[in-house]
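**Student:** Listed below are the residues making up each chain.
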Amino acid sequence: MTDAPWFRPAVTILAAFGAMMSLAAGMTLVERKVSAFIQERHGPNRVGPFGLLQPLADLIKFVFKEELAPDRANPLLFLLAPALACLPAMATFAALPFGFLDGKPMVVANLDVGVLYVLAVGSLGVYGIILGGWASNNKYSLLGGLRASAQMVSYEISLVLSLVSVIAVSGSLNLSEIVLAQDQRWNVLVQPVAALVFLVTMFAETNRHPFDFAECEPELVGGFHTEYSGMRFALFFLGEYIAMVVMSGFMAVLFFGGCDVPFLAIAATPWWAGALAMVVKMGFFLLLYVWVRWTLPRFRYDQLMYLGWRVLLPLSLANLAVTGVVLALDRQGAAQ
Amino acid sequence: MREALFYLFGAGALFAGANVVFRRHAVPAAIWLVACFFFLAAEYLLLGFPFLAAIQVLIYVGAIMVLFLFVIMLLDLHGAQPVQAQARFAAGLALALVITALAAAAAAGGEALAEAQAPDMPALVEALFTTFLVPFEVTSLLLVAAIVGALTLGRSPDITPPKQRIRPGRDTIRMVGGAPPRDEAQAG
Numbered sequence: 003m004t005d006a007p008w009f010r011p012a013v014t015i016l017a018a019f020g021a022m023m024s025l026a027a028g029m030t031l032v033e034r035k036v037s038a039f040i041q042e043r044h045g046p047n048r049v050g051p052f053g054l055l056q057p058l059a060d061l062i063k064f065v066f067k068e069e070l071a072p073d074r075a076n077p078l079l080f081l082l083a084p085a086l087a088c089l090p091a092m093a094t095f096a097a098l099p100f101g102f103l104d105g106k107p108m109v110v111a112n113l114d115v116g117v118l119y120v121l122a123v124g125s126l127g128v129y130g131i132i133l134g135g136w137a138s139n140n141k142y143s144l145l146g147g148l149r150a151s152a153q154m155v156s157y158e159i160s161l162v163l164s165l166v167s168v169i170a171v172s173g174s175l176n177l178s179e180i181v182l183a184q185d186q187r188w189n190v191l192v193q194p195v196a197a198l199v200f201l202v203t204m205f206a207e208t209n210r211h212p213f214d215f216a217e218c219e220p221e222l223v224g225g226f227h228t229e230y231s232g233m234r235f236a237l238f239f240l241g242e243y244i245a246m247v248v249m250s251g252f253m254a255v256l257f258f259g260g261c262d263v264p265f266l267a268i269a270a271t272p273w274w275a276g277a278l279a280m281v282v283k284m285g286f287f288l289l290l291y292v293w294v295r296w297t298l299p300r301f302r303y304d305q306l307m308y309l310g311w312r313v314l315l316p317l318s319l320a321n322l323a324v325t326g327v328v329l330a331l332d333r334q335g336a337a338q
Numbered sequence: 008m009r010e011a012l013f014y015l016f017g018a019g020a021l022f023a024g025a026n027v028v029f030r031r032h033a034v035p036a037a038i039w040l041v042a043c044f045f046f047l048a049a050e051y052l053l054l055g056f057p058f059l060a061a062i063q064v065l066i067y068v069g070a071i072m073v074l075f076l077f078v079i080m081l082l083d084l085h086g087a088q089p090v091q092a093q094a095r096f097a098a099g100l101a102l103a104l105v106i107t108a109l110a111a112a113a114a115a116g117g118e119a120l121a122e123a124q125a126p127d128m129p130a131l132v133e134a135l136f137t138t139f140l141v142p143f144e145v146t147s148l149l150l151v152a153a154i155v156g157a158l159t160l161g162r163s164p165d166i167t168p169p170k171q172r173i174r175p176g177r178d179t180i181r182m183v184g185g186a187p188p189r190d191e192a193q194a195g
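Quick mapping for you: the protein sequence lines, in order, are chains A and B.
To convert, take the position in the first sequence, counting from 1, and add 2; that gives my numbering.
To convert, take the position in the second sequence, counting from 1, and add 7; that gives my numbering.
Hints listed in this document are in silico derivations from the structure and should not be mistaken for laboratory results.
Be aware that one or more of the hints could be misleading.
As the list claims (entries may be wrong) - Across the chosen pairs, the derived CB separations fall in these ranges: (1) V141(B) <-> L16(A): 25 to 31 Å; (2) F143(B) <-> E69(A): 48 to 54 Å; (3) L78(A) <-> A94(B): 45 to 51 Å; (4) L131(B) <-> F19(A): 52 to 58 Å; (5) A170(A) <-> G55(B): 23 to 29 Å; (6) L21(B) <-> G173(A): 35 to 41 Å; (7) T107(B) <-> L298(A): 53 to 59 Å.
Each residue gets a CB set at the ideal place from its N, CA and C atoms; glycine is no exception.
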């Protein structure tokens with residue numbers, strides 16, 4: 003059976019889906035536990051040993067909670083928006099390579115335009131937020147949705163530009179090949195500025211602190227999800243957590259060698275060690291998300307736009323220009 | 008299978024495109040336009056241009072249409088007057104003409120298109136930045152000109168009297184940190 007052509011794709015898809023869902027569900031618990039640790043509280047500790055079954059209890063609560071829809075809300079879009087927030091994040095997970103088995107990458111879809119795929123599909127996440135805000139027929143929701151769309155469009159430019167320099171260095175759009183190109187030297191050492199820009203935009207694109215203007219409680223009640231309840235509300239959050247998982251994975255793959263274990267060639271690494279290295283790197287960035295949340299205050303809106311357009315954009319453009327010149331000189335030197 | 012999917016997505020693109028024109032309100036029309044772009048991206052993928060498909064989604068769906076929705080929602084066109092019947096008829100007629108022209112062109116140039124090979128990424132980039140460098144740059148210049156033109160047309164000159172305009176360097180609010188306003192500092 004293990005030789006059948008469908009076996010490996012089927013196992014990969016099941017494993018990827020399981021990993022994604024358990025990482026996202028685990029992340030809800032980690033977020034609350036780490037928040038509690040930082041604030042010197044206990045955090046959830048009632049359901050199961052050490053509160054480990056809390057995500058399960060949350061799920062049961064969400065499923066059985068009544069789903070309300072406001073008067074004169076757009077019924078179709080109100081229903082569709084949570085799914086639109088969740089789906090793109092899930093779809094991007096398919097392109098993340100977790101290591102190499104028998105010389106072939108362990109990934110659901112080994113795409114030649116992998117980086118573009120992740121960027122293109124990942125940029126759709128904003129639709130769930132902006133349409134959810136609009137369809138709710140509520141001023142606060144609409145303002146939250148508008149802020150989110152302005153923020154995500156502004157920061158996406160810097161995100162893409164920072165990635166272009168990585169692509170130029172790696173010479174490929176395929177995520178598995180980008181990992182292989184980092185066998186000797188991680189991209190973070192070659193492109194520290196791009197890594198920094200990516201790190202900042204990663205927070206902005208997932209609407210996390212200190213960029214969570216879409217759901218700025220003191221001003222906008224709950225922002226775009228003010229009117230949502232039950233499982234629809236949960237889908238928004240599932241989408242956010244999966245987006246965090248994917249962005250952390252993307253950071254690990256593009257800048258920190260993905261499944262590469264330091265001082266060990268990728269070809270010589272057993273598959274489980276590679277996958278473990280990848281998960282450890284992702285875990286670090288997921289923890290960073292929570293850490294930053296309780297360390298930095300939320301930006302003011304004009305500060306957000308200032309940072310996006312006047313700091314990050316020129317920085318990533320300059321980095322791209324320098325990268326281009328260095329690569330051109332390098333190629334010229336190699337030709338002579 | 009491939010051919011059936013091609014026609015299915017093509018029909019979907021046409022249906023979505025027709026909805027863009029015939030919807031009364033701006034937000035649903037914009038969402039149908041997003042759907043239309045998706046169907047087109049699927050067509051590119053079926054034709055063997057994954058790069059074009061990804062760029063289509065990234066640029067049009069991920070960036071431009073988000074801005075469209077942003078502006079529509081910001082202007083609150085939800086309760087605005089629906090487009091006049093005459094205008095809709097004219098738009099429908101224009102759509103029909105475009106479809107006919109495109110169908111005719113596709114029928115005439117179909118074989119040439121079928122024979123064209125999808126270039127790989129390096130070849131595409133090489134062509135874009137060597138052979139087609141001047142057209143490429145001219146196109147971007149054209150876009151800049153269009154943006155400047157839209158700004159000029161869209162700006163209403165009488166919106167603020169000259170006296171109340173913000174004087175750069177004197178009236179601007181400091182973005183970060185900064186010293187407190189002078190009055191407060193003196194009072195304290």
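**Student:** Confirm or reject each hint.
**Tutor:** Structure-based check of all given hints:
1. V141(B) <-> L16(A): 25 to 31 Å: violated (51 Å)
2. F143(B) <-> E69(A): 48 to 54 Å: holds (50 Å)
3. L78(A) <-> A94(B): 45 to 51 Å: violated (26 Å)
4. L131(B) <-> F19(A): 52 to 58 Å: violated (33 Å)
5. A170(A) <-> G55(B): 23 to 29 Å: holds (25 Å)
6. L21(B) <-> G173(A): 35 to 41 Å: Roughly 40 Å apart at Cβ, these two residues keep to the hinted range, so it holds.
7. T107(B) <-> L298(A): 53 to 59 Å: 58 Å Cβ-Cβ, so the 53 to 59 Å window holds.
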